[in-house]
Each structure stands twice: as C-alpha cells, then as structure tokens.
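Make a model of the complete structure from these sequences and hints.
Number of protein chains: 4
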Amino acid sequence: MKAARVHKYDESVPAGSVVVEEVAEPRIEDPLDVIVKIGGAGLCRTDIHIVEGQWQPIQDADNTLLPYIIGHENSGWVEEVGSAVTNVEVGDTVICHPLMTCGLCRACRAGNDMHCENGAFPGISQDGGFADLLKTNARAVVKLDPILQPKDIAALADAGLTAYHAARKAVPLLYPGTKCVVMGAGGLGHIGIQSLKALTAAKIIVVDPSDKALALAKDWGADELVKNDGNHVNTVLEMTNGAGAEVVMDFVGEKGAQDDVWNMTKPDGSHYVIGYGGKTNVPTIDIISTERNIIGNLVGTYNDLAELMVLTAEGKVTLHTSTYPLDAADEAMQDLNNGKLQGRGILIPEGVAA
Amino acid sequence: MKAARVHKYDESVPAGSVVVEEVAEPRIEDPLDVIVKIGGAGLCRTDIHIVEGQWQPIQDADNTLLPYIIGHENSGWVEEVGSAVTNVEVGDTVICHPLMTCGLCRACRAGNDMHCENGAFPGISQDGGFADLLKTNARAVVKLDPILQPKDIAALADAGLTAYHAARKAVPLLYPGTKCVVMGAGGLGHIGIQSLKALTAAKIIVVDPSDKALALAKDWGADELVKNDGNHVNTVLEMTNGAGAEVVMDFVGEKGAQDDVWNMTKPDGSHYVIGYGGKTNVPTIDIISTERNIIGNLVGTYNDLAELMVLTAEGKVTLHTSTYPLDAADEAMQDLNNGKLQGRGILIPEGVAA
Amino acid sequence: MKAARVHKYDESVPAGSVVVEEVAEPRIEDPLDVIVKIGGAGLCRTDIHIVEGQWQPIQDADNTLLPYIIGHENSGWVEEVGSAVTNVEVGDTVICHPLMTCGLCRACRAGNDMHCENGAFPGISQDGGFADLLKTNARAVVKLDPILQPKDIAALADAGLTAYHAARKAVPLLYPGTKCVVMGAGGLGHIGIQSLKALTAAKIIVVDPSDKALALAKDWGADELVKNDGNHVNTVLEMTNGAGAEVVMDFVGEKGAQDDVWNMTKPDGSHYVIGYGGKTNVPTIDIISTERNIIGNLVGTYNDLAELMVLTAEGKVTLHTSTYPLDAADEAMQDLNNGKLQGRGILIPEGVAA
Amino acid sequence: MKAARVHKYDESVPAGSVVVEEVAEPRIEDPLDVIVKIGGAGLCRTDIHIVEGQWQPIQDADNTLLPYIIGHENSGWVEEVGSAVTNVEVGDTVICHPLMTCGLCRACRAGNDMHCENGAFPGISQDGGFADLLKTNARAVVKLDPILQPKDIAALADAGLTAYHAARKAVPLLYPGTKCVVMGAGGLGHIGIQSLKALTAAKIIVVDPSDKALALAKDWGADELVKNDGNHVNTVLEMTNGAGAEVVMDFVGEKGAQDDVWNMTKPDGSHYVIGYGGKTNVPTIDIISTERNIIGNLVGTYNDLAELMVLTAEGKVTLHTSTYPLDAADEAMQDLNNGKLQGRGILIPEGVAA
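Chains as they are written, first to last, in this note's numbering: chain A, 1 to 354; chain B, 1 to 354; chain C, 1 to 354; chain D, 1 to 354.
To be clear, the hints were calculated from the coordinates, so they are not data collected in a lab.
You may find that some hints are simply not true.
A pair holds if it fits inside one copy or across any two, identical chains being indistinguishable in the list.
Unchecked claim - DMTMM-like cross-link-like pairs, simulated, lysine to aspartate or glutamate; straight-line CA separation at most 20 Å:
(1) LYS316 <-> ASP219
(2) LYS197 <-> GLU314
(3) LYS2 <-> GLU80
(4) LYS169 <-> ASP286
(5) LYS8 <-> GLU331
(6) LYS143 <-> GLU117
(7) LYS279 <-> ASP259
(8) LYS340 <-> ASP330
(9) LYS316 <-> ASP145
(10) LYS169 <-> GLU291
(11) LYS2 <-> GLU22
(12) LYS279 <-> GLU254
(13) LYS316 <-> ASP223
(14) LYS169 <-> ASP268
(15) LYS197 <-> ASP223
Note that the structure is a prediction, hence the values are computed from the model and not measured.
Pasting the structure below:
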C-alpha cells in the first residue's frame, strides 16, 4: 500500500521530510486487532513537531522507530477484524480514538481511556494513518452513522476530541448566568466554542488576536468577542464585573496566554489548560486566597468521542477542512508549516472520493 | 472589657507589639449581631503576619484600622443577640466561623461561605477575639454540644477548618487503594491527617522534616512516614510504584515544597494547595500530558465547621494546645514568634477556667 | 388595599369561593421583611386545591387561617424593606421565590432552600400575592433586569421553577446521545422542555394526549412527539431500541402515568417524579435487577430561580399567559376550574399595565 | 473434573437437587478466556432460587440449560489463559467478578460493568464455580495479594460486592453528622455495615429482629442497634429528631421492610433498595413533597470489587463462613434451605486446604 513516512528528524521541516512510498500492508496479529481502510486522516501541528524531532525523546527514545507512518487523526471503513472483535464488522464506517487501550487496567475500567497503563498511539509511537490502511484495535474504533464521511470528520479524532473533553468536564461549572472565556479560536478553540454552545447555557467570550478568527467565532456561537490587543485582560474583567469568568479555557498555553488566562479567572473559578508550551507561574497565596484551580486536560475518552460524533451527526459541530491527496502529504506538511493551510488539512488516499 | 490590640505594624514583632488594655464593650447594632463571651481564642501565625504589616495592604489599605483587636479563631458562649437572631440563645456554647457572611449572595446561597460578596473578618478586618467579648453575626455561630470546652476547640475555627475543608473536598478521589500524601505535619497538617482518617479509607503518607512530628503523625493515623531529607520525592515515588499519589496535600506551599508536591502527584491526580508563600512553576505541557490538577483551598464553609465539630465531639479529631491568660497575649505572640510555643496557643480571658 | 381571599373550603369551588375585598396593608415587622407591590400573580391548580380544602390538613391544620389571601407565584417591585435588608432597594423589579427561608439551617446553608427547617409559604400558609401588596423576606426576592415585566414571568416563580429544578438536576445524566422523555406538555412540562433544550444536548421525546400540546411542544424544542394513545409506552421503547430513555420526567404523576413512566425508563436510568396524585407501585426486584432510580423533585432553589431568570431574559424560556384584573380573581378561578383558561392565568392589580 | 450440577427445577429443593458428578473440564476457546482453579465458591440464597426454578424464565427461558454447574461467587488461582490475556498469569490468586463483560459497550467503557450489553453470568446463565475449574474471562478476574485465601473471600464476589457497591454510592450523602440506617444485618448487611464504617464517618443504625445479629452488628461497627419489633420505625424516628435518616439501606426488600425503610428516610434523603421480593408502594405526593429518592442497586463494578479486596486485605472487612467439601454441595444446599447454615457457606474442591 501507499504510506507517508518520516525518515529522519530535522528541525527545519524541509520539503521531502515526509516521503510517500510503497510499504507492506498491516496484518491482523492480535485477536482484537482492527484494520481500517483510511477515508481521511487529519494533519496536525504535532506532525510538524514529530518531524522536527521534538517528540523523539518521548515517542522514540531509543531511536529505532524510523522510518514510520505518521497520522493520528484517522477515520475510514473497517477492512478486516481479529477473531475476538465483536463491536464492528467489515464495511462499518468508523472514527479512531487516538489511543489503543487495554480495557483491563483501572483507568480503562473507569472510563478514563487516556490514562490506560498499556496504551499504544498509532501515528505517534507506531505506524499511523497517512496510508491506505491503518492497524488499530477493537477498543479504539467508534462505529458511525454511514452518512458521515470520514474525510469530513477525521480531524475530530484528536483535535476535536481534546476540545470537546475540556468543554464536557466544565459543564457542571457552567450553569445559566456564568461565563466561559475561550482563549484562542483556532483549530481546537473553534470546536471548543461549538461544544460549549451545545452543552451549556453559559455566555461564551472569545479572545483572539485575529479579526477573521473572531468573526468565525461569532458564527460558531460566541456571545462576546475580545480582540487580543494587550488590553484584553482588562476588557474581559470589565465584561465580568471585575471578577473574571467562572471558567477560562486556554487553547494557547504559551507566550503569556497562560498568565492572562489566570488573571481572567474568577475567585472559586477554574483555569483549564489545553494548549501548551509555556509555564504556569502563580504565587501559592493567589491560589489559596481566591480558591482558584488549574485543571489539566488530555485528549479525551472513547465515550467523549462517541458523544462528539452525535453532535457532529446533528450538525451542532462542524469542521472547516482543506483536502489533499495522500500523494501530496509532503506538500500539505509544508503548507501547514508555512501558514498556508486554511482550516484543518485532511489527507485522502487514492480511490477515496475527495 | 479587656482586649489585646495591635497599635502599630512592625516587621520585627518586638515585645509589646500587642497591648492588653481596657476597651469599650461591643454592642448589638444590627438585628443579626451576636455577641460572644470568649472562652478561648486561638493564636495563629497569621497574627504574627498582621503585626509585621504583611496583611496591611489587604486588610487595612487606607491605614485606619489601628489600634484594633486581633484573634480570628474564637469560641465561647452567646452573651447577647440581635432582634432577628433565631438560631442561638444566650448561654449557648458556640464556635465562630471566621467569616461573617450575608446569606444573600449567590455564594452564600450555594453553601460557599468563603466566597461571600459581603463578608467581614473579625480579627483581620475588624475587632476580633483576643478579648472578653467578640461581636460577630448569626450566620457565623455554630451551636455546640455544651460538653465541648471553648478553649479545647477554638483553634479549629480557622486552622482546623482549613485542613478539614481540603480533606473533605478530596473525599471523592480517595477510594480504597488510593494514597494521599500530606506534606507538613504541623498545626494544619495534623488536623488534615485526622480528617482524612475519619473521612476516607485511603493510605496516608506523611512527609515532614521533624522526627517528632512524624511520630505524632503516626498517632494521628498516618500509614506511612517519610522524612523530608532531600530524597523524599523519590521515597514517595517508590512507595507508589513510581507513579505518585492520587492526592497530595501541600500544607507548606513554599521553599520548594510546592515543586516536590507536584512531582509526587500521580497522572490524573490532584495537588491541593493549602500552605502558601512560594510560587507554583509548572510547564503547561506537564499539566496536559498527565492531566494533573492544582486545586486551591480557602478556609472552609460553615457546614464544614459544623461537620468538624461532630468529629471533634466524637473524639476523632483532637488538638494539642498550650494555654495563656489573655493578659499574657504579648508573651504568647513572642513565644510563637520564637518557636517556643508547643501545639496551638490559646488565649483565655480572666474568669474562664483554663 | 385590595386582595382576593378565601373564606371557606368547599369541594365544589363555587362562584364566589374567592372574594376580592378591602384589607389592611402588610407592614414591616421583622428587620428582614420585604414588601412587594405586585405586578402579576400566577394562578395555579394548587389554588383550586386550596379552595377545595385538599391542603387544609397540611397548611391549616387547626383551621385558623381563614379568611386569607392566596397566590404563591408572585412578581412585582420592592415597595418597602426592613432595616436589615441589603440585597434589594425600593423600586427594584423582583420575582419571589415561593419559600421565605431562614438562611441559618443546614439546608439553607447548603443551597437547598426548599428543605429549610423554618420556612414560611406566602399564599399557602400565610397571606399571598393576589393583592396589591405582598409581605415576604430578603432571602426570597430575586432582583431582576428592569426590562422584565412581572406579569410576563410571575408564573415562573413556582410552576416554572419546579420544572427547571428537575431539568437542572438531570443535566449530568443527559450527555449527547441520551434521550429524555417528558410525560405531559402542560403548564410545567412546557417549561421543562425549554429548560432541557437550553441546558442539554439530549434528544427530547414529548408524550401527551393532546395534538395541540404536541404541536406547541415542537415549537418549544421537542425532538420527537408521541401521542399518548395507549400504545405510547411501546412507541417510546421502539424509539429507544427497546431500552427506554436515560431520564423520564413525569409531569403527570397519576392515572397510570407513573407506571408508564417507569416502563419507559432505561436500565441504569432515572424516573423523575414531578406531578402527583397516584401511587408508584414497583416490585423491588425490578428496581434492583435494572438499577433504576425514582427521584423526587420539590419546587426549586433560589439559585435555580435566578438561573431560570437568566434564561428568561435571554428569551430561551417563555410563558404563554392570559391576564385577568385582580378584581376578576374569582372568574379566573372558575375559568381554570372549568378548563376555559388558555396558558397560565395571571392576576394584575389595578393600576398596573396589563 | 468434579462439579455440582442442577438436573431439574423443583420448588421443594429436595435432597439430591444438586448432584456432584464427573464432567468434562472447560477449555480455552476465546482468546480472552481464563480458566480458574477454584479455591472456594460461595453458596448463596440465589442458588436455592435457581433450583426452585424461580430464575428459569430469566436465565433459562428456552429450558435448554440443564444440567449445568451453579456457583457465582468464585475465587481461586489462574489455571490457564487465552492468547489475548495480559492482566493475569497462571498461578495468580484471583477473585471473579460475577459478570463476564465485553469491555466494548458504552457501559463497560464508563466503568458501569453490570450494565454491559453483552455480559454472561457463570453460575447463572452458564457453568459456574461449584467445580474444580471455572471458565470466565480476562475482564472478570481481579488479581489478589497471594496472602489472601480464596475460601476466605469467595463470598465477597457477589454478596459482598453488592453491599459494598451500595455503601460506596452513598458516600457523598454520608458526611459527618448524618445517619445511615441498615435494615437487615444478615449476609449482605454485615458487609454493608463494615463498608460504611470504612468509607464514611456517618452514624450507623442497624435494625434487625435477631438479638444475635444485632450483637454481631455492634462488633462490625454499628453505632446504634434497634430491635425490629414492630415499633422500630418510631424508634428510628426518635433517634433522628423525628426526621429519619439521610440514607436508609434496605437489605430485606420484602414483607413490609420496604415500607418501613421509606418511613425512616429523611426529607431530601434516599432509600437504597438492595434486598427484593416485595413491592414499593408510595404516593407520588409523598415523593415530591419531601423530595426523597428510591435508588436501585445491582451487584457492583469490577473496580468496586477491587476496592473491596483492598479493605479485605487491610482487615477492615471480614466474612463469617462455614466450609463444606465440594462433595457435600447438596448437604450445604439443604443446610442453607433449612436455616442450619451459620455464616456464609463455602464449597471447597478436593485437594484445596479447608
């Protein structure tokens, strides 16, 4: 089959950093294995970071993984199943939860998939979905309404799931009359806004430096727009009687956004960390004197993904995408790296309708 | 009546920083006022900080409060009540929640007393309990079993309440098989240990630099003791299969304890901030890649205090105290400041049995 | 002032059962009293039950209350306040929570207003709002945006609050992909539907015998309509893969609806009781073998009412009303009793714009 | 191997209703199968009900199951594992969760094992553990500390788990100062008492007709004992200021206990149904006017069982048992049926130390 593989880690992400080539097809080995014919695979900034080598100490510590297929936002149709698979059949439309979980550890048994003690991560720690076929397992495939098209939803598998998970966790805090600030209306943020709108009656205040992003945020359901112009913390405080918002979701997590977010959080409120890169730097006296929380968020659970698919099928969450043939994987990477990619990039194998 | 008042802010906390003198008795002015005859008033490190002037920018910003009576951990008997008071009668034994709340704002109505929009703090922002009499209000007095002696429990009003509140919030996380690290087995920590023991079946690991404190922690219910000797983070990790504990309660909050605590917290776990002084300094990637939380804790609710009094009446929580006559308030302050005070210092007005 | 009073209990609810007459104005007696100039007072089926004497054993056990003013769904403007009232001022637009609570018992302090140990119920156990003026207390008045008109929202004070409270409690159970059955799309049910729509992304299935009510339910946000025609339990089971719905809200509670509702509830699901009159009659083996719950619901909290007012101000919840002058209170009662009243009946004192 | 099988359903449970005979050993067929060498298998009243034919319409509707091996409370050592089993190894000491779950449906993925859409129930719907060997699956085996002896704990697999599950669900309601009534201090109730003691600081009031059971309840941690003598509802109301208890756990569920339990439940409180046989018969007006709940409870989750094993290993929960050799299965059944069995009956295969 065809697949786009990384052959070396290189900080500059030069043209040719991802090579589309002929490789052996994956085979069922474990009774719970599932092979998915890819209908669409999302391109993510993490793929850039992988090529740059940022993840190598974590996902390839002994430097034995190259060359391998990247792509961790995958959707398609079931091609083949292992002997113990009972939840999907050949031909089913599926989206893939990013983590292959064991179903046996305490975390899996508590519905806390991302904390599986035995998980594997296709596209990160083993071959992923920039290919005709992907091997994952029974616990990772969410069966979908066949009217959903893999290419339209693939990017919800990771980016969308992460935003939905954070919004879902915040539901108990966001009763009518509360406010939720969304810092950053990009790829994750815009799913966050739509998820918050679908799940709560809170007022949504969106902060972003881009007028275009703010205008789109309005369409997705934002109630108030704040230009990130240096005075945005004050603007948010003015909108919230000087107190800040009950929940502030940080989809940026670096370059000072994490400080701004803390300063926009109301006493007894919660600062949700989703984006990353910077450091949180808060005096413990500020934490205790206001009883504010800093909440971590890591991708999402399988059940979260299934719920997000319900909202998607109902048209409550939509994605803005640009498609590329799988053959153009390297071009798509370059476009993303150079800021030329509009919406979420989706790679589509040959023979699948774009 | 007699009262111990602060007359000036002075960083050195010199002898004479608190003056016991004759002052006018408080009078009922608001229909919900309650005057309490003090049976015991706890001495707290915060009293030292007040004298040093650390709190002046917050509690006395326009510098008009001096001289005033300190003392924010108060217990005694109801002496007089306003016309609208229905929950206590003259003669009732009471402990005073530290905050006089309004009962009308959203926070009060949600049982979230410390976030009252209209609260006043006797002993911090107005006259407190180092005196024969204290004025507070109906919403701040918890009626007690008359067998409880004010001098034995006064320090639970603030220090004890703070520790109990944090333990109580952590209950849902601490099912059988989990572990809770208590960093610091001092004045608050030892109430935390007893509260955790009463409320949960989790294993309690106590970390402290003092062998004496660790020995006492064992008596209070600690399951494992770890000497804070520089290798304590590793020791805790070894005790927890390398993963850390589901909950880590930081009763120190400064001098690196806040970093150690974070490093002892398990993925998907929570770091509770109770002590303060330092800064939390965590890369956002660590927060999201492990989905850990940092949880603020501010004193406790009225209902928390009522619950703590139940545990106290049942003998499940006890305090170690040293008593001083109110006349010796300054001596007690000096002893606390010089590390000579064993257990929690309690001031007792003349005429009350010590 | 003018007021509509009940002079006798009579099962037949004859004309003249409520007499509009001149009575003394209420006066501030307690420092927390608030007198409200009524802008609109909702007429409720409970008022019929009071006249019939159904409530006499509960609200007037020693038969000393007559004659008294009924009306427990009240909204208007603050006319006068007691000396300890700090949350409203003369002239403020307010809606009245039905219970005057103490703010001092455990339930009040936990935000659980309806379980106040010392509550009083204007219009039920003492003079109510079918009058020019009503006496209530500071804890019962919710300050409103002055653009809200009392006559438009008065009926939300009790009927609307009850429906909202049940919907609010069910939020954690109603994630995307779940279904909520609403049994009965009448006065409470239609607020329930709108509240569920505002608070959750669940599918709402409405069951009612009236085609007209079902058509209105569609406008309020129902996703599926089921005619209550004897086969409705099967119809709902077919819509839910034979399993039933995660939550079923019974706004009827009698004449077999309570049995139907139980039979429409999914294993691990919850049957919310809101309407009343019948008996629940379930084998305990059915409860345990399916782990279903039966959940009681009693009016709502003050904070619930404040949240409902937010949804109302945003246009997410609206009421269908018919207005009567206060002078026509008896006629309104007869119309309600005879099934001639469309929407919710609202009594408006002379001098208030209808 | 040897096994005790039921050959016919007979209401009278005559001697010989269970036959110990030589049968074929189970074999690994599915990659997730696990074969356990039985160390002890608990005898339960449900086994009597199976022989009587009470369960036939549910577990053997088409009457094709006989003869089959009963026994659904099983513990032992892993004898053999399928190719996909990763969580246990041959030789591990294990206790068996009663349900073989799929790990793939929403319920399994939410940690809600008993609501698995594809579960199988050894000892009920297929061959169970009154035998030398039992076939179950990887998701059903909890690995234990090897110091635990299967014969000492086997009965915790179902009876103990059911009691623990109910106690665990009630933890958020049972803060200090609350009361929990345990109706029935028998096989399940005594685990309930010990679990409540380990998990909460609530006062435990035990109601039972047997003085001997009450005396044992005291040893297990009961705070108050009430003889079930016809006046017990009043006695409990007197102990609770006339209000009832926040939680009442009904381990009886028939013969009027279900009515007594409802009448002992405080407004805003919850009646937990665990025992069964009778009918709950409550006016809906009582449910709504007091906002009480009736809560179903069905066995427990795998994680519940793992937690219960922690408490058992710590000595916080213990079982009173009487052992029989597997060969005496029929005698044990007769003893249980005739009220001659003290504590929980445990069958032990030949060659296992009793």
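Taking the hints in turn, this is what the structure says about them:
Taking the shortest alpha-carbon separations for LYS316 and ASP219, both the intra-copy value of 12 Å and the inter-copy value of 19 Å come in at or below 20 Å. Within a single copy, LYS197 and GLU314 get their C-alpha atoms as close as 13 Å, and across copies as close as 14 Å, so both meet the 20 Å cut-off. In the homo-oligomer, the alpha carbons of LYS2 and GLU80 lie at most 20 Å apart inside one protomer (18 Å), although the nearest pairing across protomers, at 41 Å, exceeds that limit. Only between protomers do LYS169 and ASP286 lie at most 20 Å apart by alpha-carbon distance; the minimum there is 19 Å, versus 24 Å within a single protomer.
Taking CA atoms no more than 20 Å apart as the test, LYS8 paired with GLU331 passes inside one copy only; the shortest distance there is 17 Å, against 71 Å between copies. Within a single copy, LYS143 and GLU117 get their C-alpha atoms only as close as 24 Å, which misses the 20 Å cut-off; across copies the closest is 16 Å, which meets it. In this assembly of identical chains, LYS279 and ASP259 lie within 20 Å of each other by CA distance both inside one copy and across copies; the values are 9 Å within and 13 Å between. Proximity of LYS340 and ASP330 under a CA criterion of 20 Å is satisfied intra-copy only: 13 Å inside one chain copy versus 71 Å between copies.
Only within a single protomer do LYS316 and ASP145 lie at most 20 Å apart by alpha-carbon distance; the minimum there is 15 Å, versus 31 Å between protomers. Within a single copy, LYS169 and GLU291 get their C-alpha atoms as close as 18 Å, and across copies as close as 12 Å, so both meet the 20 Å cut-off. For a Cα distance limit of 20 Å, the shortest separation of LYS2 from GLU22 inside one copy, 5 Å, qualifies, whereas the shortest one across copies, 57 Å, does not. For the identical chains of this complex, LYS279 and GLU254 are neighbours both inside a copy (7 Å) and across copies (18 Å), given an alpha-carbon limit of 20 Å.
Taking CA atoms no more than 20 Å apart as the test, LYS316 paired with ASP223 passes in both settings, with 16 Å inside one copy and 14 Å between copies. Both within a single protomer and between protomers do LYS169 and ASP268 lie at most 20 Å apart by alpha-carbon distance, with minima of 16 Å and 13 Å respectively. With identical chains, the CA atoms of LYS197 and ASP223 are at most 20 Å apart both within one copy (10 Å) and between copies (18 Å).
In summary, this structure violates none of the numbered hints.
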